[in-house]
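Participant: Below, each chain spelled out in residue letters.
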Amino acid sequence: MASLEHSPASPPAASDSGRLLDRLRSRSDQVIVLVLLFAIWQALSLWLGEYWVGSPWLVVTRFYAGLVDGSVLYHAYYTFAEAVIGFVLGAIPAVLLPFALRRLPIVTAVLDPFMVGGYGAPKLALAPLFILWFGIGIESKIALVAITVFFIVYFSALAGVRALDTRLVQMAQVAGANERDVARHIIFPGAVPYVFTGLRIAMPYSIGGAVVAEIISANRGLGYLVQLSAMNFDTTGVFVALIAVTLIVFICNGAVDFAERRLLRWRPASDAKLQASV
Amino acid sequence: MSAQPLLEVRDLSKRFASRESRDASLWVIKDLSFSVRDGEFLTIIGPSGSGKTTLLNMIAQIDAASGGEVRFKSESAPINDPKSLNPGLSCRIGYVTQEDNLLPWRTTLQNVLFPLTVQGRLNDETRARAAELIRHVGLAGFENHYPHELSGGMRKRASLIRTLVYDPPVILMDEPFGALDAQTRAVLQEDLLRLWEMGRKTIVFVTHDIGEAIALGDRTLVLSRAPAKVAGEHQITIPRPRDIRGIMSHPDFGPLYQRIRAQVQ
Ligand SMILES: Nc1ncnc2c1ncn2[C@@H]1O[C@H](COP(=O)(O)OP(=O)(O)OP(=O)(O)O)[C@@H](O)[C@H]1O
Ligand SMILES: [Mg+2]
Chain A
372 MASLEHSPAS PPAASDSGRL LDRLRSRSDQ VIVLVLLFAI WQALSLWLGE YWVGSPWLVV
432 TRFYAGLVDG SVLYHAYYTF AEAVIGFVLG AIPAVLLPFA LRRLPIVTAV LDPFMVGGYG
492 APKLALAPLF ILWFGIGIES KIALVAITVF FIVYFSALAG VRALDTRLVQ MAQVAGANER
552 DVARHIIFPG AVPYVFTGLR IAMPYSIGGA VVAEIISANR GLGYLVQLSA MNFDTTGVFV
612 ALIAVTLIVF ICNGAVDFAE RRLLRWRPAS DAKLQASV
Chain B
1018 MSAQPLLEVR DLSKRFASRE SRDASLWVIK DLSFSVRDGE FLTIIGPSGS GKTTLLNMIA
1078 QIDAASGGEV RFKSESAPIN DPKSLNPGLS CRIGYVTQED NLLPWRTTLQ NVLFPLTVQG
1138 RLNDETRARA AELIRHVGLA GFENHYPHEL SGGMRKRASL IRTLVYDPPV ILMDEPFGAL
1198 DAQTRAVLQE DLLRLWEMGR KTIVFVTHDI GEAIALGDRT LVLSRAPAKV AGEHQITIPR
1258 PRDIRGIMSH PDFGPLYQRI RAQVQ
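Read top to bottom, the protein sequences are chains A and B. Mind the numbering: the first sequence is residues 372 to 649 in the working numbering, read in order. Mind the numbering: the second sequence is residues 1018 to 1282 in the working numbering, read in order.
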């Protein structure tokens, strides 16, 4: 048995510190890019005038003031809530439906053109309709976000269910697994990476959808702030709102990353990287 | 030696639907018949592509037959209809497949415990048995590794003990030791023989290796090239318990080896 003990265990520690260096390196590069962006922004605002492009310094101070007096947070909260609730309401049926339809290929085939149509149709064009139906409050935005997220996640979950390895299912059945065990232990975990690909793509759309719906018609939210500021020729206000939107995207992206790392620990690192870069 | 064989393969035939639908040449297995006694260690040897995996798939009932039948304890199983297959025939036929088929999202330990989990037999006793098997095949310390973090041979060993852990009375094995180095292979062969001698399971063991077929089996079947038929049958007269590493120096080994090799084309 002694010869077996020498198989590779975990990667040597050296590569860990290498990875840390890489991380630091990419962080410092990111800071440089950020500084460059601010420099270009500042140059533009000097060249075109602060009236058209609010200067970064003004934007930052306004943003800070907005945080302190709570007005930015007030609007950000609504946008965030619309995006998150809509995301969840859209993603849950999108994940469950392909599982439910797994045994009904005919129903799946009948639904297919409608799903493709729903996927391809510009959902933002539905915003005015949803505002008519659900009013200018939070509900119309949630509906828009949910429907956008639904179609994106549905197709990735469907791909995940279809990518099933039948040999794994046969192995499980020989070992005594029933229909439910197969769904729970094989089909579902196998589809999770696909679902995450969909969630990752859908996430910015959910925030973008909420903001655009607010721009069309709302009385609060960051999209409303954008609209209000623009009407008052306040470009600085527009930029403040956009920065808040960007921060929300970052936070949600971090949450998806975190969940994915927790749930997909079993994947080889290169796979996960490939997935993330797509 | 009971009169009724435990497992009986009768006129089993298989052909795969082809894309071009040429039919005559498509029989992978044609009218194959043999039987396995209760407690017997049967080794099957045959050239690559002769239909060994296809045969085991049909016995394990994960693939339908095109003709013939497989009887288990004299019950005839309707295996000609894909819909009425009963994979593993209610956990009584274990199958160590040619590919390891480990679940990538389960650790080594979770993979080994998988059959017990779905059979609802997870308890202290079965867990202890799993831990012992893991130690036995040299996977101790790798319980919490995922399959992609194991070597090919380690995955193979994990898939082997995943079947041993729930102790099915019949075990089908498809080249389980093919990807291992000579040393590990000899250790596992000895372990398998010891387990078999203790529990007297019925084992159907497919291999490419004539030496392995002789060292392990009570009897060796030689399959011909497709369509697979029994090209030869050999009683392995070497007495047990056998010394795996020294088996080649047994006087019966050489003649058996020659006769089998003449039939394996
Ligand atoms: N699903 C399939 N569809 C079509 N043909 C198949 C299928 N599975 C196997 N075959 C054919 O059946 C024949 C036997 O295959 P099988 O896998 O049983 O061989 P084997 O004896 O196990 O070979 P090896 O020793 O290389 O594993 C091959 O010619 C193969 O092409
Ligand atoms: Mg094979």
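Take these hints with a grain of salt, some might be off.
[Unchecked claim] Stretches of chain B that chain A covers, calculated by requiring three or more beta carbons in the stretch to come under 8 Å of a beta carbon on chain A:
#	stretch
1	1098-1108
2	1113-1122
3	1128-1140
[To be verified] Only some residues are given here: those of chain B computed to face chain A with a beta carbon under 10 Å:
#	residue
4	N1074
5	Q1078
6	I1079
7	D1080
8	S1083
9	Y1163
10	P1164
11	H1165
12	E1166
13	S1176
14	Y1183
No lab work stands behind these hints: they were computed from the structure. Keep in mind it's a predicted model, so treat the numbers as computed, not measured. For each residue, glycine too, the CB sits at the ideal point set by N, CA and C.
Participant: Now, for every hint given, state plainly whether the structure supports it.
Facilitator: Hint check results:
no.: 1; hint: 1098-1108; in the structure: holds (count 4)
no.: 2; hint: 1113-1122; in the structure: holds (count 6)
no.: 3; hint: 1128-1140; in the structure: holds (count 5)
no.: 4; hint: N1074; in the structure: holds, 8 Å
no.: 5; hint: Q1078; in the structure: holds, 8 Å
no.: 6; hint: I1079; in the structure: holds, 4 Å
no.: 7; hint: D1080; in the structure: holds, 8 Å
no.: 8; hint: S1083; in the structure: violated, 18 Å
no.: 9; hint: Y1163; in the structure: holds, 4 Å
no.: 10; hint: P1164; in the structure: holds, 8 Å
no.: 11; hint: H1165; in the structure: holds, 4 Å
no.: 12; hint: E1166; in the structure: holds, 8 Å
no.: 13; hint: S1176; in the structure: holds, 8 Å
no.: 14; hint: Y1183; in the structure: holds, 7 Å
Checked against the numbered hints above, the structure breaks only hint 8 and satisfies the rest.
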